[in-house]
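Residue numbers (the working numbering), protein chains in the order written: chain A, 1 to 593; chain B, 1 to 593.
Hint data in this document are derived by calculation from the structure and do not stem from the laboratory. Watch out, some of these pointers could steer you wrong.
Treat identical chains as interchangeable: a pair holds within one or across any two.
Keeping only pairs whose Cα atoms sit at most 27 angstroms apart, straight-line, the calculated DSSO-like set for lysine-lysine is [said to hold, decoys possible]:
| no. | residue 1 | residue 2 |
| --- | --- | --- |
| 1 | Lys584 | Lys16 |
| 2 | Lys556 | Lys184 |
| 3 | Lys387 | Lys404 |
| 4 | Lys400 | Lys387 |
| 5 | Lys584 | Lys387 |
| 6 | Lys400 | Lys68 |
| 7 | Lys577 | Lys387 |
| 8 | Lys415 | Lys584 |
| 9 | Lys184 | Lys16 |
| 10 | Lys556 | Lys16 |
| 11 | Lys452 | Lys577 |
| 12 | Lys530 | Lys391 |
| 13 | Lys513 | Lys556 |
| 14 | Lys452 | Lys381 |
| 15 | Lys381 | Lys398 |
| 16 | Lys68 | Lys467 |
| 17 | Lys467 | Lys452 |
| 18 | Lys415 | Lys530 |
| 19 | Lys385 | Lys577 |
There are 2 protein chains.
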Amino acid sequence: MRDRGQLVDVAMARTKPDMVIRNVRLVNVLSREIHCADILIAGQRIAAVLPANEGGEGYRTTIDGTEKFAAPGLIDPHVHIESSMISVREYARMVIPRGTTMVAADPHEIGNVLGIPGMRVLLDEAAQSPLRVKFRVPGRIPAMPEWLETSNGSVSVQETRELFDWPEAVCLAGDINPSLVLEKDAEQFDKFDQAEQLGRLISGQSPGLRGRALAAFLAAGPEDSHVARSVDEIIENTRLGMASVLALRPGRVLDASHLEELAQICKSRNIDTRQFQLCTDDIHAHDLMHEGHLDHRLRAAIEAGFDAVEAYQFATINVAHGLRIAHDYGSIAPGRVADILLLSNLQSVSVETTIIGGEIVCASDEYFGPTERVSYPDWAKSTIKYKRPLKADDFHVKPKNNNKIAQVLVISNSKGKGKVTRQEELPVQDGVVQPDSGRDINVMAMVERHGKNGDIGLGFSDAAGLKYGALACSVNHDAHNIAIFGANHDDMATAANRILEIGGGFVLVRDGKIVAELALPIAGLMSDDKAEVVAEAMQDVRTAFREQLGGNPDDKALIYMNFLALPNIPAFGFTDKGLIASDKMQPIETVIG
Amino acid sequence: MRDRGQLVDVAMARTKPDMVIRNVRLVNVLSREIHCADILIAGQRIAAVLPANEGGEGYRTTIDGTEKFAAPGLIDPHVHIESSMISVREYARMVIPRGTTMVAADPHEIGNVLGIPGMRVLLDEAAQSPLRVKFRVPGRIPAMPEWLETSNGSVSVQETRELFDWPEAVCLAGDINPSLVLEKDAEQFDKFDQAEQLGRLISGQSPGLRGRALAAFLAAGPEDSHVARSVDEIIENTRLGMASVLALRPGRVLDASHLEELAQICKSRNIDTRQFQLCTDDIHAHDLMHEGHLDHRLRAAIEAGFDAVEAYQFATINVAHGLRIAHDYGSIAPGRVADILLLSNLQSVSVETTIIGGEIVCASDEYFGPTERVSYPDWAKSTIKYKRPLKADDFHVKPKNNNKIAQVLVISNSKGKGKVTRQEELPVQDGVVQPDSGRDINVMAMVERHGKNGDIGLGFSDAAGLKYGALACSVNHDAHNIAIFGANHDDMATAANRILEIGGGFVLVRDGKIVAELALPIAGLMSDDKAEVVAEAMQDVRTAFREQLGGNPDDKALIYMNFLALPNIPAFGFTDKGLIASDKMQPIETVIG
Chain A
1 MRDRGQLVDV AMARTKPDMV IRNVRLVNVL SREIHCADIL IAGQRIAAVL PANEGGEGYR
61 TTIDGTEKFA APGLIDPHVH IESSMISVRE YARMVIPRGT TMVAADPHEI GNVLGIPGMR
121 VLLDEAAQSP LRVKFRVPGR IPAMPEWLET SNGSVSVQET RELFDWPEAV CLAGDINPSL
181 VLEKDAEQFD KFDQAEQLGR LISGQSPGLR GRALAAFLAA GPEDSHVARS VDEIIENTRL
241 GMASVLALRP GRVLDASHLE ELAQICKSRN IDTRQFQLCT DDIHAHDLMH EGHLDHRLRA
301 AIEAGFDAVE AYQFATINVA HGLRIAHDYG SIAPGRVADI LLLSNLQSVS VETTIIGGEI
361 VCASDEYFGP TERVSYPDWA KSTIKYKRPL KADDFHVKPK NNNKIAQVLV ISNSKGKGKV
421 TRQEELPVQD GVVQPDSGRD INVMAMVERH GKNGDIGLGF SDAAGLKYGA LACSVNHDAH
481 NIAIFGANHD DMATAANRIL EIGGGFVLVR DGKIVAELAL PIAGLMSDDK AEVVAEAMQD
541 VRTAFREQLG GNPDDKALIY MNFLALPNIP AFGFTDKGLI ASDKMQPIET VIG
Chain B
1 MRDRGQLVDV AMARTKPDMV IRNVRLVNVL SREIHCADIL IAGQRIAAVL PANEGGEGYR
61 TTIDGTEKFA APGLIDPHVH IESSMISVRE YARMVIPRGT TMVAADPHEI GNVLGIPGMR
121 VLLDEAAQSP LRVKFRVPGR IPAMPEWLET SNGSVSVQET RELFDWPEAV CLAGDINPSL
181 VLEKDAEQFD KFDQAEQLGR LISGQSPGLR GRALAAFLAA GPEDSHVARS VDEIIENTRL
241 GMASVLALRP GRVLDASHLE ELAQICKSRN IDTRQFQLCT DDIHAHDLMH EGHLDHRLRA
301 AIEAGFDAVE AYQFATINVA HGLRIAHDYG SIAPGRVADI LLLSNLQSVS VETTIIGGEI
361 VCASDEYFGP TERVSYPDWA KSTIKYKRPL KADDFHVKPK NNNKIAQVLV ISNSKGKGKV
421 TRQEELPVQD GVVQPDSGRD INVMAMVERH GKNGDIGLGF SDAAGLKYGA LACSVNHDAH
481 NIAIFGANHD DMATAANRIL EIGGGFVLVR DGKIVAELAL PIAGLMSDDK AEVVAEAMQD
541 VRTAFREQLG GNPDDKALIY MNFLALPNIP AFGFTDKGLI ASDKMQPIET VIG
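Using the sequences and the accompanying hints, generate a full structural model.
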């Protein structure tokens, strides 16, 4: 609760502010203007915004804003910090200099691995950094019923209600299978009721839903989606009152060319953009360092042709409205929390200074938050549990008949369509279906790793496109079992067993030798090392993936492989139970007939 | 709570909707477009919005929307129903055919007279009509400390907290003296804390506040104001994050010419108008019938040059956002409550059919809500209590010296400036300062009428401008004591005593005879009669006021006289303690020296 008296006294010039930003070009996301102003800060909040040079002088901290822009701190409404593979502390150190002052995080990755204690330990770590980390209460843990996927963590309806009482809680997260909504899942509807009773946003995701299905999804309660795949879909969402959280996925389902088309349509038809928001969703440390964070999405929106101040609205006030926190965050105005960026250039989002809660937390690339190595408890760092060591024949796909050729379904990542399958013929030797490096078709396995049943889902994929060796990885949304892609069965076993030794991460093997690896000991998802170290190791993994294993040359291939598992969103998933049809929520036979 | 399953089933065409509006031009306040659509309604809510003619056929109620517009029901964010002088039932019957489907009402008029039971009885009456009446929890009852004004009702901080639990409660109302905020009134700040803890809007009013004072007001918590007096003030409010609730007061502080200027500035600078809302605040039954309700304000906004759909946003989605109910109200979209207007003309706001909660409540001017005479309990209808009958010399202003000429302050309504005072000389006869009809200067009295102390505030005013006789009235914001304006003392006593006999209302007297009257027996504020009867009686009062008493020819003079009392907003008020300076919250001597 704000100190109303202090703010009034400072605004009325009865007492002095703690900080004044003088004569700055204010990026006013409320009126959608840029105008010169003095900003007076008292404690954590803004006490007054006055005409330039009317704020008085002689205060403890005076910042000369001449020639600079002041914008509200950027707010990311939809992230999964675990996907960065770095600790929250390191994530904060990466994003704050780029202008992100708040993220709304759904920690359902660590939640699926470690349950509620896992989410709590991550948020406790977050509390030690200056980044504001709001808690998107996970919509569904585990994501799938146990007969479709083995997970570890679980959160009941009653526990979900209790999670809303956590001080960081901001909304009900919506990264769930839309068919749960369309099929009127009682548990999901109970959670919607909870959120509604508490006056919280019900977040959703409606990938590709249109017409009646989209209406049904919205009518049930969810209010936003971050997985639109086309401009048409975004326009339909906007008309139907679904906030479009634009998660740019470069080269994938929504990219810069879509944004350009969207900007043009909005301009020519004068479409109201107040429901547009920007988000990063899942972003690797390496991409975060090289592309940027929300600043990258914001630059893209400006480059796409949106008016600059309007684009800043997408990353500030519109997000705050969506999260129902606009009375506190998302704009520079009296009474609002003093989360403020000073920029040298608006279009390029060139952040010079980041102020959070009235404190300078980063200036001229010097970061004042904690930088020492993070410490997680041991129970959060020993999470890979196999029933027994893995052997080459654990990865043998055996057809039921004696044919020399097997008809199989190959799961693949399509740039335009997401996850697809296609039918292929593969040779059978000694009763085992063989991969075919010539056509990039690898054996794909998903090994249960929570120590529960040791199940192994088997099939084929060309997503990794390995010519040689094998790749194992412990990041596989949302259950985070161990995915292994292999051009041969022996290297698959080696890679899988090495994952156990390093506590999770990425392991690349060729001819029985480890050629690159990245350890992610925190829940098998995150490193406790420096972001730079993780990014460099990830770069080594990417390079080895392409150069030594002959893997998919697409720069983002390794990221999208992490989502091949996910049975939540169309059209397919791949779990420790094998290939899953997302819409029907049923397993599919990999070997046909 | 919505029936999510039912809505999903209807949207998915698994079960039939209760109503379909086919092939209508949808006024989409979400995307700010007009597009053709079918609207499917299930129970109280919208199940789907589909492309035109895709909604299917053969349902219980099918409305052909061809050539018609469908707009969300209009929402008035700031009204005082008592000011209409008709019951809520009659108010509903007047406003629903004009397209208003919800009002957020602050019943602090009846609250000042009858306390919490008075507000409850009014809301209970409201519940019997199809109009949605949300409850703005009054910010301050009584408005003034007892040494500045005698009121009857009172609501403590603790009781205010309990009022938020009423099912109709929507926000903390803000019709309070802004100096309470600027002077850090502890009780007011406690109420702000309550509203903030509950996630409710803190409404405010900041008439004429600019610069540091405006910043201080906003920093303390209030988020909107309905009393801006100039376009400059509206722009400053917008920049600082204060929602502008535009209460057009024709011919007064904000009128059509201001709206035109505002529309032009917003267009030329591309200013974001999402914070703009329209309201009616206080409106007499007579004006309601002849000018209209929110439809009148909406027409004015369109005529002023705002884009039509944008103007509809001011009366629908923007209001719903302000009141934090946009997930349920203010747009036509799946899941939202089915409060829908069918219009033959968008610009003229020509409403043909009003649907509230999926039910047709008015069609082709036929109103289906309750129309029988309303019944209020006796305790709500015997509220005028004098200590004793009034006599002519109760209204004698006696100077302290023996001069033949008295210097007095005359309180007046200025079209541009609100309430002002000026100094005048008046003759003294037999120790009594005499009114001067030649200069329109009447004796003004405010008689305490709650049976508490019988105090009488005395002074002079030219607001009524009576040439003859006297006018007495029981509607005087916010304490609703009895105001009497007189060209002579005898007629003042006659008028005042007649008010007691009829239980409150308006009484006009000339030469000892009653020439017109309107009884308002419910709390001395509202009639229990038909709106048409009240409007006609009010018309008679207005005519007699001008023609028989020679009163102020301004059509709205009688309305603005009701606010002459109000010490809440600048610069003056007139209570049973006499003339009050609003900013200093102190009485002022009427006779100088």
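We went through each hint and held it up to the structure:
no., hint, result
1, Lys584 - Lys16, "between (63 angstroms within a copy, 24 angstroms between copies)"
2, Lys556 - Lys184, "neither (35 angstroms within a copy, 56 angstroms between copies)"
3, Lys387 - Lys404, "neither (33 angstroms within a copy, 110 angstroms between copies)"
4, Lys400 - Lys387, "within (26 angstroms within a copy, 102 angstroms between copies)"
5, Lys584 - Lys387, "neither (30 angstroms within a copy, 79 angstroms between copies)"
6, Lys400 - Lys68, "neither (70 angstroms within a copy, 64 angstroms between copies)"
7, Lys577 - Lys387, "within (16 angstroms within a copy, 87 angstroms between copies)"
8, Lys415 - Lys584, "within (23 angstroms within a copy, 69 angstroms between copies)"
9, Lys184 - Lys16, "between (57 angstroms within a copy, 17 angstroms between copies)"
10, Lys556 - Lys16, "neither (51 angstroms within a copy, 46 angstroms between copies)"
11, Lys452 - Lys577, "within (13 angstroms within a copy, 81 angstroms between copies)"
12, Lys530 - Lys391, "neither (34 angstroms within a copy, 89 angstroms between copies)"
13, Lys513 - Lys556, "within (25 angstroms within a copy, 92 angstroms between copies)"
14, Lys452 - Lys381, "within (18 angstroms within a copy, 74 angstroms between copies)"
15, Lys381 - Lys398, "neither (35 angstroms within a copy, 89 angstroms between copies)"
16, Lys68 - Lys467, "neither (52 angstroms within a copy, 64 angstroms between copies)"
17, Lys467 - Lys452, "neither (33 angstroms within a copy, 95 angstroms between copies)"
18, Lys415 - Lys530, "neither (32 angstroms within a copy, 67 angstroms between copies)"
19, Lys385 - Lys577, "within (17 angstroms within a copy, 82 angstroms between copies)"
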